[in-house]
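**Student:** Sequence:
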Amino acid sequence: MKGEVQLPLIIDGKDIEEIPASQIYYVNSSDWRYGFITLLAVDIQDISERLTHKIFLLGYGRAIYMSKKNLYLAISKIDAEKGMVTEIYRIRVMDAE
Numbered sequence: 000m001k002g003e004v005q006l007p008l009i010i011d012g013k014d015i016e017e018i019p020a021s022q023i024y025y026v027n028s029s030d031w032r033y034g035f036i037t038l039l040a041v042d043i044q045d046i047s048e049r050l051t052h053k054i055f056l057l058g059y060g061r062a063i064y065m066s067k068k069n070l071y072l073a074i075s076k077i078d079a080e081k082g083m084v085t086e087i088y089r090i091r092v093m094d095a096e
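Here numbering that gives the first Met the number 0 is used: position 37 in the sequence shown is 36, and no number is missing along the way.
Note that these hints are calculated values from the structure, not bench results.
As the structure is a prediction and not an experimental result, all values here were calculated from the model.
Take every hint as true, because none was put in to throw you off.
In silico BS3-like pairs for lysine-lysine, Cα to Cα no more than 25 Å straight-line:
| no. | residue 1 | residue 2 |
| --- | --- | --- |
| 1 | Lys13 | Lys53 |
| 2 | Lys68 | Lys53 |
| 3 | Lys67 | Lys53 |
| 4 | Lys53 | Lys76 |
With the hints as extra help, turn the sequences into a complete structure.
**Tutor:** Structural data, given as structure tokens:
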């Protein structure tokens with residue numbers, strides 16, 4: 000249907016989970032194009048564990064960087080006064096245990 004947003008799905012084997020809009024992170028920024036970014040964590044020592052995930056809705060210009068302790072999202076946008084600017088968001092990564 001036109002204008003309807005299809006929410007992301009996480010498919011883990013036979014399990015299918017539709018991610019509700021309330022669980023999608025976003026930045027309060029206007030852009031002309033948007034896309035979902037899905038970050039998955041997999042326990043490679045116990046593959047029977049469920050995938051853990053976070054979903055982000057980001058604008059057109061984006062980049063992702065990862066260190067051992069943080070995830071960085073770089074989002075470019077056009078500011079009416081400054082021209083092209085890049086906003087960088089840091090997300091702390093915590094050990095699951």
